[in-house]
Every structure is written in C-alpha cells, then in structure tokens.
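The chain contents come next:
Protein chains: 2
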Amino acid sequence: MNGVDVYVLRLGHRAERDKRISTHVALTARAFGAKGIFFDVFDRNLFESVEDVVSRWGGDFFIRHIHSWRSLVKNFEGKTVHLTMYGMPLTEKMEELKKCERILVTVGAEKVPPEIYEISDYNISIGTQPHSEVAALAVFLDRILNGEVFRKEFENARTRIIPSNRGKKIC
Amino acid sequence: MNGVDVYVLRLGHRAERDKRISTHVALTARAFGAKGIFFDVFDRNLFESVEDVVSRWGGDFFIRHIHSWRSLVKNFEGKTVHLTMYGMPLTEKMEELKKCERILVTVGAEKVPPEIYEISDYNISIGTQPHSEVAALAVFLDRILNGEVFRKEFENARTRIIPSNRGKKIC
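Just so you know, the sequences run in chain order A and B. My numbering applies: residue 1 is where the first sequence begins, and numbers increase by one. My numbering applies: residue 1 is where the second sequence begins, and numbers increase by one.
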C-alpha cells in the first residue's frame, strides 16, 4: 500500500460546458484512490450525480465546494501539484512526490488563472501535447498511488462488479 | 521502445452529448502513442478539431470514419480489446497483451452494443468502478506503451512546449 493521501482541486468548472468532463474528473479521482475533490464552483447537478455514485458504489469519497481556491492551495498541509502540459514531466519528479504524505493536485478547465502556476509547489506535465485533464489525472494517480485503481475496495457498496471475460457480472 | 502498434475505436459517439468527451478520447489516443482512431459516427466538427491539433502539433495520427465497426473488429489483423468496467483487470492480462504486435482497443460511449463483448478478443477493466473512458484509455496506453506519452516526438510540429517549473514556454 502507498501512504500518500491525495486530494483533487477542480479549478474553473463551467456548469454547462464542463458538466461531463468535470464528472469524469471527479469519478476518476474517486476510482483511482483520491480522498476527495474540491470545486471552486458549485454545480448542484454534478455534485448530486457524484454523490449518487458514492452512495451506490461505496466508500467515503467527498465532493466539496470551497469559496477560495487560493486559500485552499496556499494553506494546504502537504505539497501542491498543478497538472499542466507546460510543467515538468511527472517521471522526473516521481521520487520527490512519492515521499509526500499529502498531495493536493489541481486540474484546471480550459483556462486557469496564471496565479495557480505561481502558488503551486510543482507544475507537472503528463506529456507536452494537448489531450485531457481526465487522462492526466488518471495517469498521475495511477503512478503516484501504484495502481490503486486495481486494488481499492469500497466499503458499503450496494453494487459490485465481478470481473469477467465476457458480459456483465454484478453482485 | 515498445513494438506494439495500437489503434483506437470510439464506439457509439453521439454528436451533441459526447462532443467534448470524444475529443478528449481522440487527443488522449494521439498523445499517448496510438496510431489513429476510428469512429463509427461521422462528426465533422470533432474530426476537424482533431485534425487541426495534428496539423499544429505534428505527427501523423489519423482520425477516420468507418461504416462498419463490426467488420473493423472482426477483420482486424491483431488482437482486439474492449475496455469495460466489467472486464478482466488489465494487470492480469498485461503479459499476453505486451506480446501483441497490433492492438485495436475499443472505448464505448455510455451504451455499447452487447456484441462488442462477444467479438473482442479481450474485455479489459481499469478498475471495476464507474469513472471515464478517457481515464481508462490513458492508463491502458500508458501501461501497454510503457510511458510513451513522456517520450513521443511529433514530427513537423508548428508548436512545441519546453517543460518548465513555472509558467508557459513555447517554441
């Protein structure tokens, strides 16, 4: 098991445009082993749909609205990472990051305030090509938490999947 | 370098609803080292926006509309993988898959025809929790292609990023 507690900050969510991408970001955070996700924008539908997944599929992942992302980042007890295609390759910073006890990882929507580059401890890239904050977060968590997505158990789940070669097995 | 050539099939794209998720799927495929992506639905805006990224950021990634996904999967020369939360964990099939020379990996939108479970050589899961086809594809490619996203060079790029600790450096 890996000892790092990871939290996610979704920055700059726009309710109409980012609804589905932000849902994917939140569910990826949960499935890959993050403790919870903060949004600087409140979006009732999105929050309810993530909370609905938690209540059906188990575990204690949280989704929370915060009023100041700056104070969250600045006052976070641990290291803060901003995922951006402009940052340093994750592979170069893995050793340092794996020593952390708590990480807050920020994934922005299309435009982020420039200040996030300044106040984060690390700006980290998953490749330097345009792709997806969902992909970047997944690979960051997969590597930092050593494949926790393949091991994590979710308590009090009402639905569980039994892996199978064909079709769908649920219990 | 890894010798596997990977192609992606995006199944069941719905132009309005999936526009942004499918764009993320396509750009993730490109950035993480797949050769190209097939869609069973033609969506001019989406195709043009992916082709625009290719022309600015380089490389020879293709996006192509096919009329029959069944015949693509059935006649593919290589192994076919369907990514689904109901499948067998990737970790259990890694050794087999890494021996392949060519892989076609299918990522479905919300509902996929049950037939895809039957005609694919493998049904593979990246965890058994609901999350994101973008996340699943990213981790599949990252692991199968051994972190190609951190190494891949794109020829004839008009834009390139120089990784940096702070801010944005472009050349």
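Calculated from the structure, these hints are not laboratory results. Some hints here could point you the wrong way.
Heads up, the list lumps identical chains together, so a pair's fine if it works in one copy or across two of them.
Straight-line distance between alpha carbons at most 30 Å, and here's what the computed DSS-like set of lysine-lysine pairs gives [what the hints assert, rightly or not]:
1. K19 / K99
2. K111 / K168
3. K79 / K152
4. K93 / K74
The hints, checked one at a time:
1. K19 / K99: neither (34 Å within a copy, 39 Å between copies)
2. K111 / K168: Between copies only: 13 Å across chains, 39 Å inside a chain, cut-off 30 Å.
3. K79 / K152: Classified as both; 23 Å inside a copy, 29 Å across copies.
4. K93 / K74: within (21 Å within a copy, 42 Å between copies)
The structure fails to meet hint 1 from the earlier list, while all remaining hints are met.
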